[in-house]
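Start from the sequences and build out the full structure, keeping to the hints where you can.
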Amino acid sequence: MSVEIRPALPSDAPQILAFITELADYERARHEVIASVADIERSLFSEGATAHGLICLRDGQPIGFAVFFFSYSTWLGSNCLYLEDLYITPEQRGGGAGKQLLRHLAQIACDNDCGRFEWSVLEWNEPAIQFYKSLGAQPQEEWVKYRMDGEVLRAFARG
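Numbering (this note's numbering), first residue to last: 7 to 165.
Hints are computed from structural coordinates only; laboratory data are not their basis. The model shown is predicted, which means the values in this text are computed figures rather than measured ones. Backbone N, C-alpha and C define an ideal beta-carbon position, used for all residues, glycine too. Careful, some of the hints might be misleading.
What the hints assert, rightly or not - Lysine-lysine pairs mimicking DSSO-like chemistry, simulated, CA-CA at most 30 angstroms apart:
id: 1; residue 1: LYS151; residue 2: LYS105
id: 2; residue 1: LYS105; residue 2: LYS139
id: 3; residue 1: LYS139; residue 2: LYS151
To be verified - Label-pair restraints from in silico Cβ distances:
id: 4; residue 1: ASP155; residue 2: ARG12; range: 25 to 33 angstroms
id: 5; residue 1: ALA57; residue 2: THR80; range: 19 to 27 angstroms
id: 6; residue 1: VAL158; residue 2: ARG122; range: 27 to 35 angstroms
Encoded structure:
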């Protein structure tokens, strides 16, 4: 059962949205998914898109995906790779696909001279935390993530 990782294609947009929805269900946030297939097509595949997608396949069948983008570290003076989402279907977990997908992303980071490869994980997601630690990743507990979205973002932007 071979694993293949390839860049996502516009024709993958429905599958990517399905994976996003499955991930949101797992993360207890299905109600927050408002993206459509058209949104995925526009944000990942339009001219000038800044996010990138990967599809993970086993024996030619999609079993997961990753979405990432490049950020920047002023302290390092270099680009960084930020993993927005990584998902492997539950029945395919434990077979090495997640590790291969992360390694593929690490290679992309190295190929692009990135000084860091970063992502976030929900504090209650102990299986993911243990998996990431087993790979040598370390939590950055001194940083607190902040967010503005929806009407709060629009109101702040208006002044």
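Inset, instruction - Enumerate the violated hints, using their earlier numbering and listing them in ascending order. - result: none
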